[in-house]
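S.K.: Sequence:
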Amino acid sequence: MEVILLERIEKLGQMGDTVKVKPGFARNYLLPQKKALRNTKENQTRFASQRVQLEAQNLQRREEAAAVAVKLDGLAILIIRQAGEGGMLYGSVTGRDVADAIKEAGFGIERRQVALAHPIKSIGTSQVRVSLHPEVAVNVKVTVARSQEEAERAARSHAEAAAEVAEEEEVVADEAEAEEASEQVDDTAEA
Numbered sequence: 002m003e004v005i006l007l008e009r010i011e012k013l014g015q016m017g018d019t020v021k022v023k024p025g026f027a028r029n030y031l032l033p034q035k036k037a038l039r040n041t042k043e044n045q046t047r048f049a050s051q052r053v054q055l056e057a058q059n060l061q062r063r064e065e066a067a068a069v070a071v072k073l074d075g076l077a078i079l080i081i082r083q084a085g086e087g088g089m090l091y092g093s094v095t096g097r098d099v100a101d102a103i104k105e106a107g108f109g110i111e112r113r114q115v116a117l118a119h120p121i122k123s124i125g126t127s128q129v130r131v132s133l134h135p136e137v138a139v140n141v142k143v144t145v146a147r148s149q150e151e152a153e154r155a156a157r158s159h160a161e162a163a164a165e166v167a168e169e170e171e172v173v174a175d176e177a178e179a180e181e182a183s184e185q186v187d188d189t190a191e192a
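Sequential numbering of the sequence shown, starting at 2, is according to my numbering.
Honestly, the hints are just simulated from the structure, not real lab data.
Heads up, the beta-carbon is just placed ideally off N, CA and C, and yes, glycines get one too.
Don't take every hint at face value.
[Unchecked claim] Listed below are the simulated PhoX-like cross-link pairs for lysine-lysine, each with C-alpha atoms no more than 25 Å apart in a straight line:
1) LYS42 x LYS72
2) LYS23 x LYS42
3) LYS23 x LYS36
4) LYS122 x LYS142
5) LYS36 x LYS21
6) LYS12 x LYS35
7) LYS104 x LYS122
8) LYS12 x LYS36
9) LYS142 x LYS72
10) LYS12 x LYS23
11) LYS72 x LYS104
12) LYS21 x LYS35
13) LYS142 x LYS104
14) LYS35 x LYS23
[What the hints assert, rightly or not] Simulated restraints on C-beta separations:
15) THR95 x ALA138: 14 to 20 Å
16) GLN51 x GLY75: 34 to 40 Å
17) SER93 x PRO33: 27 to 33 Å
18) GLY87 x ASP18: 43 to 49 Å
19) GLU171 x ALA116: 36 to 42 Å
20) ASN140 x GLY85: 24 to 30 Å
21) ALA106 x ARG154: 20 to 26 Å
22) ARG97 x ASP18: 29 to 35 Å
23) LYS35 x GLN149: 40 to 46 Å
Based on the provided sequences and hints, a complete structural model is requested.
M.R.: What follows is the structure, given as structure tokens:
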């Protein structure tokens, strides 16, 4: 089935593109969500007359999404779940759980905006993509832990590990500078 896209759809096309999709995808998703029109003569002329208005609406929604993305970028959320000794969860963390946690943080997003390739099934930290608009997406840090204390310990250990890496990099840089300085002294002594 051929449809005319009314907005950008990831991995499918831009607004105004005429694309061929499977009938079920068009019938069950694109048409009811008003993301596309069937490709007919009437709909082509209707789209051509409404194109400027649709582009203006899309631009406004994208600007609003970009403003929210600035606030949402770098957000870290904590989800408490029961887990076994090996760190495997007694269930999983789904897109709905992540969306609910982001809502609790004060952002109005829907479950379908959370792009989680597969459920999180172990304790740890993951980056989850949140699509605020077809052209605006942001990553949110999701930490899954057994308790608040465990999450704080893990965060401290990550911060300490990062500090140790930075310290080691400084030592290596200082050693390289000292070696370079001694080579320069040797060169001037030979001259």
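S.K.: Next step is simple, just say for each hint if it's right about the structure.
M.R.: A quick look at each hint next to the structure:
1. LYS42 x LYS72: Given pair LYS42, LYS72 is violated - Cα atoms ~43 Å apart, limit 25 Å.
2. LYS23 x LYS42: 20 Å, holds
3. LYS23 x LYS36: 15 Å, holds
4. LYS122 x LYS142: The hint holds at about 15 Å.
5. LYS36 x LYS21: Judged against 25 Å, a Cα distance of about 14 Å means the pair holds.
6. LYS12 x LYS35: 18 Å, holds
7. LYS104 x LYS122: 21 Å, holds
8. LYS12 x LYS36: Cα-Cα ~14 Å, so holds.
9. LYS142 x LYS72: Distance of about 14 Å is within 25 Å: holds.
10. LYS12 x LYS23: Measuring from Cα to Cα gives roughly 14 Å; hence the hint holds.
11. LYS72 x LYS104: Holds. LYS72 to LYS104 sits at ~13 Å (cutoff 25 Å).
12. LYS21 x LYS35: Roughly 16 Å separates the two Cα atoms, so the pair holds.
13. LYS142 x LYS104: 14 Å, holds
14. LYS35 x LYS23: Measuring from Cα to Cα gives roughly 16 Å; hence the hint holds.
15. THR95 x ALA138: 14 to 20 Å: Roughly 19 Å apart at Cβ, these two residues keep to the hinted range, so it holds.
16. GLN51 x GLY75: 34 to 40 Å: 37 Å, holds
17. SER93 x PRO33: 27 to 33 Å: 29 Å, holds
18. GLY87 x ASP18: 43 to 49 Å: Distance hint for GLY87, ASP18 holds at roughly 48 Å.
19. GLU171 x ALA116: 36 to 42 Å: 38 Å, holds
20. ASN140 x GLY85: 24 to 30 Å: Taking Cβ atoms as reference, ASN140 and GLY85 lie about 28 Å apart, which means the hint holds.
21. ALA106 x ARG154: 20 to 26 Å: Distance hint for ALA106, ARG154 holds at roughly 22 Å.
22. ARG97 x ASP18: 29 to 35 Å: 31 Å, holds
23. LYS35 x GLN149: 40 to 46 Å: 43 Å, holds
When held up to the earlier numbered hints, the structure conflicts with hint 1 and nothing else.
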